[in-house]
Amino acid sequence: MADNLTEWLFAALQTLLFIGGAPLLSGWIKRLKCHLQNRAAPSLLQPYRDLAKLFGKDVVLAQDASWIFRAAPYVVFGAIMLAASVVPLVAIPLPTAAIADVIVLVGFFALARFFQALAGMDIGTAFGGMGASREMTVASLAEPAMLMAVFTLTMTASTTNISVAIRHILDAGLVLRPSFLFALLSLAMVAVAETGRIPIDNPATHLELTMLHEATVLEYGARHLALIDWAGMIKLMIYAVLISNIFLPWGIARHLTFPAIALGIVAIIAKLALLAVLLALWETVLAKMRLFRVPQFLGFAFLLSLLGILTHVILETAV
Amino acid sequence: MHLTDLSLYSQGILVSAALVLFTSFVMLAQARIQPLIYAFAWQGALLSVTTALVALVSGHSHLYISALLTFGLKALLIPWMLYRLARRLNIQYDVETVSHPSLTLLAGAVLVVFCYYVALPVALLSALVTRNTIAVSMATVLLGMLLMITRRTAVAQVIGFMSIENGLFFAAVASTYGMPMIVELGVAFDVLVAAVLFGVFFFQIRSSIDSLDVDRLNRLSEKGE
Amino acid sequence: MSPLLLAYAAVAAALLSGVVALAADRFPAALRRGSFTLLGICGLAAVAGGGEALLTGQRSTAQLPFGLPWLNWHLRLDPLSGFFMAIIGIAVVAISFYGPGYVREFERTVHAHGTAPADVEPHTHPRQSLAALGLFTGIFVAGMLAVLLADDAFVFMIAWEVMSVSSYLLVAYQHHNPANRHAAFLYLLLAHVGALVILLAFGVLAGFGGGFTFDAMRAAHLTPVWASIAFALALFGFGMKAGMVPLHVWLPEAHPVAPSHISALMSGVMIKVAIYGLIRFTFDLLGQIQWSWGLATLAIGTATALLGVLYALTQNDFKRLLAYSSVENVGIILMGLGLSMIFVATGHPALAVVALLAALYHSLNHAVFKTLLFLGAGAVLYRTHERDLDRMGGLIRRMPATALFMLIGCLSIAALPPFNGFVSEWLTLQAALQVPVLASGVLRSIIPIAAALLALTTALAAATFVKVYGVAFLGQARTRHVAHAREVGLGMRAAMALLALLCVVLGVVPTLVIRLIEPITQDLLRLRPAAATVRGWLWLTPVSPHVASYSAPLVVAAMAFTFLAGYLLLHRRGRSARRSQPWDCGFGGLSARMQYTSTAFAQPIRKVFAPVWQIDERVEKVQTSPTRFVSMRHHLHVGDWSWSAAYQPIGHLVLAAARRVGRIQTGSIRVYLAYSFFTLLLLLWLIT
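The listed protein sequences derive, respectively, from chains Y, V and X.
Here the numbering used here is used: the first residue of the first sequence is 1, the next is one more, and so on.
Here the numbering used here is used: the first residue of the second sequence is 320, the next is one more, and so on.
Here the numbering used here is used: the first residue of the third sequence is 545, the next is one more, and so on.
No lab work stands behind these hints: they were computed from the structure.
The reader is advised that the hints may include incorrect statements.
[Claimed, not checked] Quick list of the computed label-pair ranges, beta carbon to beta carbon:
no. : chain 1 : residue 1 : chain 2 : residue 2 : range
1   : V       : Leu422    : Y       : Leu44     : 44 to 52 Å
2   : V       : Leu422    : X       : Tyr1216   : 52 to 60 Å
3   : Y       : Thr284    : X       : Pro893    : 24 to 32 Å
4   : Y       : Pro95     : X       : Pro893    : 27 to 35 Å
5   : V       : Leu422    : Y       : Thr284    : 31 to 39 Å
6   : Y       : Leu274    : X       : Val1100   : 54 to 62 Å
7   : Y       : Val285    : X       : Leu1056   : 31 to 39 Å
8   : X       : Ala983    : V       : Arg407    : 52 to 60 Å
9   : V       : Met464    : X       : Trp1127   : 23 to 31 Å
10  : Y       : Pro95     : X       : Arg577    : 52 to 60 Å
11  : X       : Val769    : V       : Thr495    : 36 to 44 Å
12  : X       : Ser1088   : V       : Leu504    : 18 to 26 Å
13  : X       : Ile1159   : V       : Tyr436    : 33 to 41 Å
For every residue, glycine included, the Cβ atom is placed at its ideal position computed from N, Cα and C.
Sequences are here, hints too, so could you generate the full structure?
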């Protein structure tokens, strides 16, 4: 029982680490992008300062905003926080992973998005509706691709519990799986679409007509905006952690011993830092797509994950 | 035999085989001529990697020669010829409108499942490391055909044809560790000659009907317009 | 009381409510007080009887001395029929709260001409008979209950027809509108084609079993080919009633035009009766299930789900959208059934149990949230006289309670955790993910694709209901009626509250529901979902705790914790938030017409999946110069392909054949006499 309690405590700590570390990751990506684009880079801690500033401000609501508009940031943050709590960050033993498997994780993202879109429509402006419509379109194309990629993994690990799956992959050692290659590419493309990065959406845009995610949060300010922004950062981190810990699980702590956890922390920092470099490069090289090119992008992601399933069935199972 | 029981090199064979299949899909999805040629080159390169890995695992040293030949011919020479041709015809940036691209890709996926179903009895008879890739090689052949069916420009059709040849070579490697050297050399030479001839034909077709759209060749039929 | 007695009581109460309603044209209170109270009693009795059959897991049978001389009425109540009876009961109870308020609308039509009634354009409404509404509602409910009780094909078909015809009369209730008459006729026609096919399916079984009782059919030994034929007939017949693509075309026409509480019964419950029929026929009567049936059901289910949701997404009529979404949900249920059949046929009963569980659970969930949504749509209709989403808006401020319940309904149907729709879709996905156990590689590669398409369906459903809720309830009111809408009465709110509460309960404690469903799988597959509740009520683990688990109570607890923490940390007492104009790009004067409409919301998806619909889109511009528009009209019609691809050719064929046959109609009495004469001769020759 004491062991059990430690695990639950550790899960809570890990979730806090997730929430606390997410702005750092965003700051690091921003910094890298600035360096790559020959701009003066803000401090690594800038996202924290932004959040602190927003939390300190007074709320101004749009005229027609109903309670949905005020509740949405809390639902969004809560759903994303729950999602963060079930993803193993530094150690595999994670009792919270049993609360929600990877399909429920996708469900949490969907819940957050649902309220985000409703909040966009609540204020009764054209931008809100536009953002909601586009966000739901992109999401409805990204979700099947994501689940398909996830199915590839779960067919190998025969579980949808993320922590069990990672342990399974780690135990198998270094195995070259063609299906994982496709799933990795597909998941990366989905992650780009779902977290609103280039080429699907531009996180830095302030031109109304090109906005997807930003259009739904246009009317938010103060603590509401802070919660939504923070949730966005956590979501980015969740995808990054999922990709790095599923496909490169090495370094993650198998047991809750001090050296293992220390190694786990170092490993995840290294992996995320590297992934951030790739993302920054990708965002610097590419330009934003037209909205109606996005279905092709996501269709390709879906094809990749489909190939993942097919190659898993054809090549990886014994005849 | 499960994947985890195989050696890392054997797993490498499977990965590169899967990537060959992937390049087939990329070709199917690619509407521009120049990236299509690049994808074809990548397919040749991956095929030669696969062949080299098969040589390494099986110890058949003549496959190294096949791999080198494939690399030189299909990853470098033919793509380079096609590329030069496309530039001289000034079509390298042409975008072809593929009707229902996603449907084509889906049909491709269905083809892969179908090949798996058809190749299953063959794979059961085989004891080679590569037996699982027989279905993939068959799929490469059929996807090449699909490419030829769905495209109208002559260049894309030639690439489809070459990709069929890639699939056939792959099938030979996968099911029997390659054909006798003399056959392979002959086939390679044939392909080379075909590539040169196609180049000549392109100019002929274009000078006679002002386009590389093979649908326009319909007017050559007796019914006419 | 024994479950069967309770079931009798339910049927009797339903019939009685119909009889009482006969007085309603003279005394409207007879319908409101008497009839609906009796319906409430009927619903409670059905829930009690069904619940008891489920809890005890026993079969009770009876024979009533009615019917054909050689065939008494065989009745039976087992866990499967009990489960569906409880579903009907829940919906009927909700209706009994909702109805008294809602039918006032029709009362007004009867007694005070002048105000526009709900589903009718003003000035054109003739007298509508409240008695007819009450009578047919009672018969309809009784018919549905009797279908579940039937234990021989004879009773089954009679009850089925009673259900079909009475619901036809309800669809045709507002028959002064030509579109309604057309929808009702289409419904009657297709319902009878379906009934005929079901009859044929029973005929095959009866032919092999040597009797029309279900017991005789269970004992029948069919050759695989005949079994497949029987299954195909049953799938066609029951699928037609359930709204399976491409047999669904009548459903979005007929369901929305009935009065809203009847729409709720038809969409929420009646299509479940068809699902019940399919389960009864396939899993109980046919016996040896073949995997190809499962694959066919899975494929059709996937197509139904995807097309259903895509069509729903493009609708602007609130009730029509809900009807299309019923098509989608039937698809999801069929997917579960298909998976279950595949697993049964390939010798994995434990997984078949999970898939069947998913299908049954989704049937229950859909009944609850679809009834809720239809009642909500009815409430909006009642107050605003609008069915067009593009004319609503901002109702959350005018009808806060209805808006809250509808939000719960939308969250449930969009399959979002922790609500009930999510649990059943999660179970379906989990069942689909267990394919690695199958020996056939083709199945192993096809089923995940179906699962991914289910994910696509779910995501599109979320988009659909964001659209519904965002356009109807949020933003600014688009018309005057809507801007002055009032909250509906207590009874109507109570009905919606009951269903909304059920949505939450069914979502949060799935393990208890699964305990309830267990006897059904025990009955049909001889196996209980033992693993599902192995870690206690907190954890849902359909296959094993190691493979997958979901704990809705903990999710809710964590959510509540976040809310509480957020409120305590961030909310500042005594400082109310300042209100201001939203960003208008500096042009000023945002109006309600600038909001995204339902048509606009669906536009990107309409463009992505364009080949799915028959889209007729025109923009008429009146412009004075290339940059100045005087006016613009946007015309959009989204048609159903299955009409022009299947139904119209068949219709033309039938008409052409009828013209041929029509030639024998000469009009001369002597020729008709000659026909009769020769028929008589032929018959005499045949029987000798």
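**Study point:** Violated constraints from the hint list, given by number and in increasing order
**Key:** 3, 6, 7, 9, 12
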